[in-house]
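2 protein chains.
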Amino acid sequence: MSEANEISVASKLSDATAANSVYAATDPCAIGGLSVAVGQMDVIAGNPQANLATMRAMVAQAKEAGADLIVFPEMCVGGYFLADKWTDESFVDYLESLNDQVRAMSDSIGIIFGNVVRSYRGTAPKGTDGRRARYNAALFAQDGQWVPRQHDDAVAGVYLKSLLPNYRMFDDDRYFVSSLEDAQYHTELAFEDAYCSPFLFMVRGTTYRIGLEICEDLWSGDYAFDVTGHYQRQGCDLVVNISASPWTLGKDNGRAKRVAEHVAALGSIPPLLYVNNVGMQNNGKNVLSFDGGSALYGSDGRILHQCPDTFTESCEVVNWVEGASSTSAASCYENDSEKILDALVHTLRRFDQQIFPFKPKWIIGLSGGIDSSITACLLRLALSDPSRIIGYNLATRYNSDITKANAYNLAQALGITLKNGSIEAVVGATEDVLRTYGYADEQISGLAQENIQARLRGHMLSTFAGVEGGVIMNNGNKIEVALGYATLYGDAIGAISPLGDLTKVQLFDLARAINRRLGTEAVPENLIPEETDEGFSWETMPSAELKDAQVDPMKWFYHDWLIRKLQDYPGYGIEKIMRQYLKDKLASTPVAKWIPFYGLDDPEAFINDLEWVLRQLRISVFKRIQMPPIITISRGSFGFDFRENQAIYEQTPEYCELKEAILQRG
Amino acid sequence: MSEANEISVASKLSDATAANSVYAATDPCAIGGLSVAVGQMDVIAGNPQANLATMRAMVAQAKEAGADLIVFPEMCVGGYFLADKWTDESFVDYLESLNDQVRAMSDSIGIIFGNVVRSYRGTAPKGTDGRRARYNAALFAQDGQWVPRQHDDAVAGVYLKSLLPNYRMFDDDRYFVSSLEDAQYHTELAFEDAYCSPFLFMVRGTTYRIGLEICEDLWSGDYAFDVTGHYQRQGCDLVVNISASPWTLGKDNGRAKRVAEHVAALGSIPPLLYVNNVGMQNNGKNVLSFDGGSALYGSDGRILHQCPDTFTESCEVVNWVEGASSTSAASCYENDSEKILDALVHTLRRFDQQIFPFKPKWIIGLSGGIDSSITACLLRLALSDPSRIIGYNLATRYNSDITKANAYNLAQALGITLKNGSIEAVVGATEDVLRTYGYADEQISGLAQENIQARLRGHMLSTFAGVEGGVIMNNGNKIEVALGYATLYGDAIGAISPLGDLTKVQLFDLARAINRRLGTEAVPENLIPEETDEGFSWETMPSAELKDAQVDPMKWFYHDWLIRKLQDYPGYGIEKIMRQYLKDKLASTPVAKWIPFYGLDDPEAFINDLEWVLRQLRISVFKRIQMPPIITISRGSFGFDFRENQAIYEQTPEYCELKEAILQRG
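In order, the protein sequence lines correspond to chains V and D. Its first residue numbered 5, the first sequence is counted upward by one per residue in our numbering. Its first residue numbered 5, the second sequence is counted upward by one per residue in our numbering.
Don't read these hints as lab results, they were simulated from the structure. Please read these numbers as outputs of a predicted model, since none were measured by experiment. Some clues are possibly wrong.
Intra- or inter-copy, both count: the list cannot distinguish identical chains.
Mimicking EDC-like on lysine to aspartate or glutamate, the simulated pairs with C-alpha atoms at most 16 Å apart in a straight line are [what the hints assert, rightly or not]:
(1) K597 - E529
(2) K587 - E661
(3) K559 - E615
(4) K551 - E428
(5) K580 - E93
(6) K255 - D133
(7) K408 - E538
(8) K130 - D226
(9) K597 - D445
(10) K663 - E615
(11) K423 - E472
(12) K663 - E579
(13) K597 - E538
(14) K89 - D572
(15) K408 - E529
(16) K130 - D230
(17) K89 - D588
(18) K89 - E579
(19) K89 - E654
(20) K587 - D606
(21) K569 - E93
(22) K589 - D605
(23) K569 - E579
(24) K580 - E265
(25) K365 - E529
(26) K130 - E93
(27) K67 - D241
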């Protein structure tokens, strides 16, 4: 199955040609028969020559299809998430120097693309880091020339990003000077004319007035300046938004909402073409997925043309038919799980290709539990060569026959190697060494004993990786990451954590999506609970299998909901949840059923559990600081998206009052 | 020795009273006999009640000394480095609510202090993260009232930070709305009058016009607006700059340079009082030290009064005598090593007190090498109770008698427990387990074999920590961190890395400073090289002791210099170093001697070494992502100061040309 899904970096251009050939507009109208191609390319961070090759191939395709204009995404030349590589002056100068190479591709076609610009208006204001300014720019060339602007004071061919996001994984103000900041050095100029003047794009004797904007410029609700509104007031024929927008759950609807807000505020907008890239980029602690999903929005905010949001490259000429869609947020997916599955598979594949081009073995601990079963399936879907995956069952006396059989069946289903053995010898030797250091046997028990086993699993996987020249897969999920239910240097290790941003409940749906995709019960159904009216039935409860009859201490479904609320929803703080509990309003949330199921209708039990969760969240920050990069799919993933430090934060007086009020109900 | 140095959190207020009593101004003049106290307090991030208690005590001291005004640092109520805790709406509202409590302390005294403000001008613009705006504010109260401003449009009692730093460890734009951004929502107001109007502070019938600014506002060279210059033009009697400025090497001179630039540009400046906090704060990956070093600069930029820059609290009334100093950058230290030593000891102590209030044991691997010897000394200086430190010598057959004896002598000198034993049993068991998984003995060798030992040391330290309820000390230095010369989950583990931002050469000086401080040869001299005219002589070369006759592959002194240049000096890229080499200009750098010493005057050897360093820097990013927090002392520490991602960045054409040119010289 993975053969068909697999796109190697080397072959992706020819694949794109075959699978996503440019087709001509079916009914050119709207802005007068302008034929616009969308270059929804796979941008490889740090590898401009590969990106230029992609652009060159797509420009050729677009020309062949008779397009007048091709649009590429934000920062498509060098990538967007470069972290502090942006402070490498030589590398950034090199990126800028490539703008002329793209301009040179524009004979008989217009090209809009994103890249860094440093030379601007002849002056060189400094960034606030003391280095020469870097601008996040949209560039526009045609017939080897930079496209002119409507106003004399505006710079031909170059639009500077106006609104710079600085939240979640975004650090634009760290790296770029915005148009608004640059204007502070040019108070002699009228800002809108000098920086946001429409581009005058002439095709077959007609001049089209096109407004360029970049990504966040569309999300202007929380800024003082509205780029899109300005273009509407200017009467632009078309607004082009080039983006490098990592996909996370809810982002599609978020974008549709922004467009709808503009339509509501302005009455109508110029047709708006949103062009996003695909690919994998990372910021160190988070690995980000780009879904594409480029789209043309009509003046009423409904989608006229939708490019695939399937994380795959495409190069299409957009369809201008008004009323072609009745929706403002189209997607190729029917549910979140299918999209999450594609995000994980594509991102894992690209991570493997770009970070480990030497094609190492992937070393994975296969306990037979649900999490490791899923990561094994993801690897199998991501890699074309199953011989690169080696599963290891690392048994101790506490491992059950069911999970061992699960691991065996999974490896069979995926056609990967499973190596069986026992780590008892090294557990025993650890106890021997402890004795040589003067520790008595009775000191070696409980949690310390469990952590020894977990850590030795990590040690053995690392040892296998050393011998095989391999890299290690992390199997932890978001609930474990949040609560610190993982042993540092034990099961918390690895090169990447594909599940670290998914709750256990999201994993159940993902497991079903995987089994559908594979057409077989690769992830055993006995690992997935059946929801019932009152709760759930579960054949094999999650367990770390580090002691007899151990079952994970999580309150499944309830903790999944709680942690998602706290992490993913800005402003949904603990005090709000406590107020809802106090007013019996949790009954109208998805969590209603689980409150009585876990006995949390007892106020003391509710508070005890809440404080346990808060304490675990706090004391496991130090583990997360040392955990592998997480593939981000939520609105608030751990790592360098939601950024934590170590501190014992005082509880607010509001928290203390609510706690008191809840306990008094008991 | 550590008893005297130790300040427990509980007792620090009374200590401050005893040791740093407020003294009266000796010659009040300049701005007419205004008596100003500097509240150089230890700010504890996330613990406003502790901070308010400190402020209350210092206000009482200042009143007793007859001060008219006391100035506290930026964000002294809740701390400055709170990471994404700033997005916790309830907590931030709680912090803001405390402003009235500070105002209430101001009967018969003026109080300037820093805290977050959200309600401003009755409007509530949003931050760009969609949450209600947060402002980084300086507040000014007197006699229970907010102090009025010179201009009608300005808000009484509140100045908003204008220049927000977004480089290194700073993320101000992520968390705060600047005065300049807020002004975009109030275009009806004249910015300077509405936001930067002097405060009218009336004392004994005289009105003093005081300009407030916050930290980065002074470092305006890379911004379009100059707050200090504005106050000079307004003819303010005094400028007060409240800061939360983490100390790093060169920062003192940097600040003096900023003041001098203002004096040069403006002719003279109003007297400028810089008030900084002391303490430890962290951003997750970096632990930051605040040295205090508050100072009063005269109109010529020279220092009139200097508070201790010794990382210790003080509450002093400033001395206005003009010409009291001939310097613009005073310090209590004669050299960097002494200051680095204090930074590390105070920061380690506060980290232990604030993050681990349950007083755990500190588990430290004592190999007898220089790095672990130094960290043991730092712990001993930081903790009042030596019984909280347990050293473990984790020997294998490869460990020398010299290093074992070193470890023994060190433990004796420090009065800490040293436990001896051998990890051979667990190394052997690992090999046994490998065989059960089907690996042959000959596959278990070389680097894999070395990593097994290093990782099992990490495992055993973790096991000891589990049994002792302890936390682990990391012993790695910056060169190892940079080059990835550490085994992940082995010697790269721990709760904190105190040496992770010091090169090996900096460690030599630090070791000498420690021995001076302790008055004994705690760090054995045999571990410190003697520099000679041609190179160095070294009794015991650094070694990981993982195989026979192993010596670390670093080119000491040369790699130290190279890595410091690349990390600490913006714009000092690899191409610049190559150009210097090509033009024989490295001879005029501190590294001149080491080029021939290591045979790098051979161009091929130089390039081979350079490419090895660059490759190691790149491939070890994944290790640094999973390493413990590092105490920052340099201008570019790894972690969340210099932020890295994983990518294979193309070499620039300039790099390739320079490489070719160098090789052609050979």
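Original post:
What are the numbers of the hints the structure violates, in ascending order?
Top reply: Violated hints: 1, 7, 9, 17, 24, 25 and 27; rest satisfied.
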